[in-house]
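One line per chain: the protein sequences are S and E, in this order.
Each residue of the first sequence is one higher than the last, beginning at 1 in UniProt numbering.
Each residue of the second sequence is one higher than the last, beginning at 1 in UniProt numbering.
Derived by calculation from the structure, the hints in this document are not laboratory data.
A portion of the hints provided could be inaccurate.
Straight-line distance between alpha carbons at most 25 Å, and here's what the computed DMTMM-like set of lysine to aspartate or glutamate pairs gives [unchecked claim]:
id, chain 1, residue 1, chain 2, residue 2
1, S, K37, E, E308
2, S, K47, S, E281
3, S, K153, E, E308
4, S, K37, E, D146
5, S, K141, S, D152
6, S, K228, S, E258
7, E, K153, S, E191
8, S, K173, S, D204
9, S, K173, E, E308
10, S, K83, S, E70
11, S, K19, E, D152
12, S, K153, E, D11
13, S, K296, E, E160
14, S, K164, S, E281
15, S, K106, S, E258
16, E, K173, S, E308
17, E, K37, S, D146
18, E, K296, S, E310
19, E, K173, E, D67
20, E, K47, E, E191
Facing chain E, from chain S, some residues (calculated, C-beta under 10 Å) [said to hold, decoys possible]:
id, residue
21, A181
22, T183
23, A298
Here are the in silico distance ranges between beta carbons for each label pair [unchecked claim]:
id, chain 1, residue 1, chain 2, residue 2, range
24, S, H284, E, T183, 21 to 27 Å
25, E, E76, S, G227, 55 to 61 Å
26, E, Q166, S, Y80, 51 to 57 Å
27, S, E308, E, I215, 20 to 26 Å
All C-beta atoms in this analysis are idealised placements derived from N, C-alpha and C, irrespective of residue type, glycine included.
There are 2 protein chains.
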Amino acid sequence: MRIEKWGYVFDLIINEAWKYQFLTYPNPAVGAAVIVKNQIFTGVHKKAGEPHAEVHALWEAYRAFHDAPELYTSKEIHEYLKKHHNGFFNDANVYVTLEPCAHEGKTPSCAYLLKELKPKSVSIGWPDPIKGHGGGVEILKNSGIDVKILNDKRCFHLIEPFIKWQNRFVFYKLALTMNGAITGGYISSDESLDWVHNIRDKIDLLVIGGNTVRIDRPTLDARRVNGKAPDVLIYSKNDGIERDIPLFNVKNRKVFIEDSLEKLEDYKFIMIEGGERLYNEIKHMVDWKVFIVSPKFANRFNFRSEDEFEILHTNQSSDLIVFGR
Amino acid sequence: MRIEKWGYVFDLIINEAWKYQFLTYPNPAVGAAVIVKNQIFTGVHKKAGEPHAEVHALWEAYRAFHDAPELYTSKEIHEYLKKHHNGFFNDANVYVTLEPCAHEGKTPSCAYLLKELKPKSVSIGWPDPIKGHGGGVEILKNSGIDVKILNDKRCFHLIEPFIKWQNRFVFYKLALTMNGAITGGYISSDESLDWVHNIRDKIDLLVIGGNTVRIDRPTLDARRVNGKAPDVLIYSKNDGIERDIPLFNVKNRKVFIEDSLEKLEDYKFIMIEGGERLYNEIKHMVDWKVFIVSPKFANRFNFRSEDEFEILHTNQSSDLIVFGR
Chain S
1 MRIEKWGYVF DLIINEAWKY QFLTYPNPAV GAAVIVKNQI FTGVHKKAGE
51 PHAEVHALWE AYRAFHDAPE LYTSKEIHEY LKKHHNGFFN DANVYVTLEP
101 CAHEGKTPSC AYLLKELKPK SVSIGWPDPI KGHGGGVEIL KNSGIDVKIL
151 NDKRCFHLIE PFIKWQNRFV FYKLALTMNG AITGGYISSD ESLDWVHNIR
201 DKIDLLVIGG NTVRIDRPTL DARRVNGKAP DVLIYSKNDG IERDIPLFNV
251 KNRKVFIEDS LEKLEDYKFI MIEGGERLYN EIKHMVDWKV FIVSPKFANR
301 FNFRSEDEFE ILHTNQSSDL IVFGR
Chain E
1 MRIEKWGYVF DLIINEAWKY QFLTYPNPAV GAAVIVKNQI FTGVHKKAGE
51 PHAEVHALWE AYRAFHDAPE LYTSKEIHEY LKKHHNGFFN DANVYVTLEP
101 CAHEGKTPSC AYLLKELKPK SVSIGWPDPI KGHGGGVEIL KNSGIDVKIL
151 NDKRCFHLIE PFIKWQNRFV FYKLALTMNG AITGGYISSD ESLDWVHNIR
201 DKIDLLVIGG NTVRIDRPTL DARRVNGKAP DVLIYSKNDG IERDIPLFNV
251 KNRKVFIEDS LEKLEDYKFI MIEGGERLYN EIKHMVDWKV FIVSPKFANR
301 FNFRSEDEFE ILHTNQSSDL IVFGR
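For reference, chain S alone in the conformation it holds in the complex (with noise of 0.2 Å):
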């Protein structure tokens, strides 16, 4: 019994969490997988008010093996699963990157919901870091579930923002060739631009150079997702930006100009897009760094830093989008 029977599962589930980061603000990224009758099923959070990552998993594998209804919000689901389950989990396992909640809160608790279905073990990657929150573990032993909690690094990673969220947390998003050029018009993918549409109908403020604005003129908004835009906090030593540059003509969005960054202190999810001199100045100042990779080379120059950083994850799709530390 010397195999570490979690861990495979964990790579998955970890990595489909990481396919929703960022995009479940103010919630937690979190994956989840059961397995039952030898058949895996995962599940992810992907915006907050919807299901929770195990309410997924648990709804796809009761739904592979029975007929029911269409069911979406996590109220239905919970109800209906705890009527119909008929035992149907109790030899299954499960296994989530965060501690099963424990409180009501938009969506039912999913620690009751487990201990209902009574699955044979729960495998929870990392426990709930909020005071006040937790509770999930009691709830889930005390029913005579076997419960392992792993403490892996990498569910924590994924937490990260969640955890700064409740204070403030910033990161500086960077688009580039493999050869480090960022300029030359769209770089990246439309898969990719999708990535930043939706990321921008998430946060509260953007940050952007003067100079950027002043060459780019952009719109800065997410119509490509028909999301809501951020505001906007121009850093600029001086005014002297045109009027008619798109981002000042999006409906409800305020645009701050200013020479300090003080303005952060208003808001609590805050994305940094601009050149080499914004990030030289600030590199050491932001929680994560996020690179948008395009696997092309240009005959352009590149930007230049001095800087390093770990990689924390990086998401495959036409492009590559690592994020970093």
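With chain S's structure known, arrange chain E on it following the hints.
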């Protein structure tokens, strides 16, 4: 029953198999998993002559639930499992990126092993592409196992080098920083350097540009992993290369200095290491490109090219290893 139950498992085993891409030469890179007793076990083929992926996975699964001896050779494990399985795998589901082998080569046939263990299902990512091989699917089907063939393109990418090795496979390897600098000492992590030496131990021929040899004065062996050193072709318009450069003093190696690439026709598995000039001259002639991207920025000029490629896979360690085509 609308759910593709195998999708998640293939994400996982494809990732695992890529960790040994190139190292299995002349065999294909293959990943496998077994789900039994609601637990998942994976295996990968690591090296020619060692057990195949599905054998590793089956053996891991078996040993998690039985006291069994330490066995290492494929033959021993096949024989032990055939003798002692006692129906253990009959409700298991097996997943493998490549059709299980039907023929007895250096190792016994995996299809015949599976036939005797008789799992409930075997899901296969890609059929055996080599003429005269194949037949694994028929053996499994005839024994009443539920066989699914996925034709998952990602499983094909995994074995593309293997298919080309039947004739010749050539890839360009380039290490760079996040902003495209390739000069300035060792860029890559120890982990990546070990990986490069592991690859050098497997390739037949290493091609390098004359300028790189003159400037870097490299050894180009596999000393970090006690491996064999590949033959070297220094591709140079004129000789003028000092013979006290360490690469000339490596045992059991041939060194060619030539102004043509004809020598490549004598080899099957070829890596090209070099700089900007060589890359731009032959970028259209190589099968794959492999980039080792370090999570740092350097205040130096970038590698210049006009090029675009498709990302086939990315291995993430402390660096990124990006396989492109």
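Which numbered conditions among the earlier hints are violated in the structure presented, ordered from lowest to highest? The structure conflicts with hints 1, 2, 3, 15, 19, 22, although it agrees with all the remaining ones.
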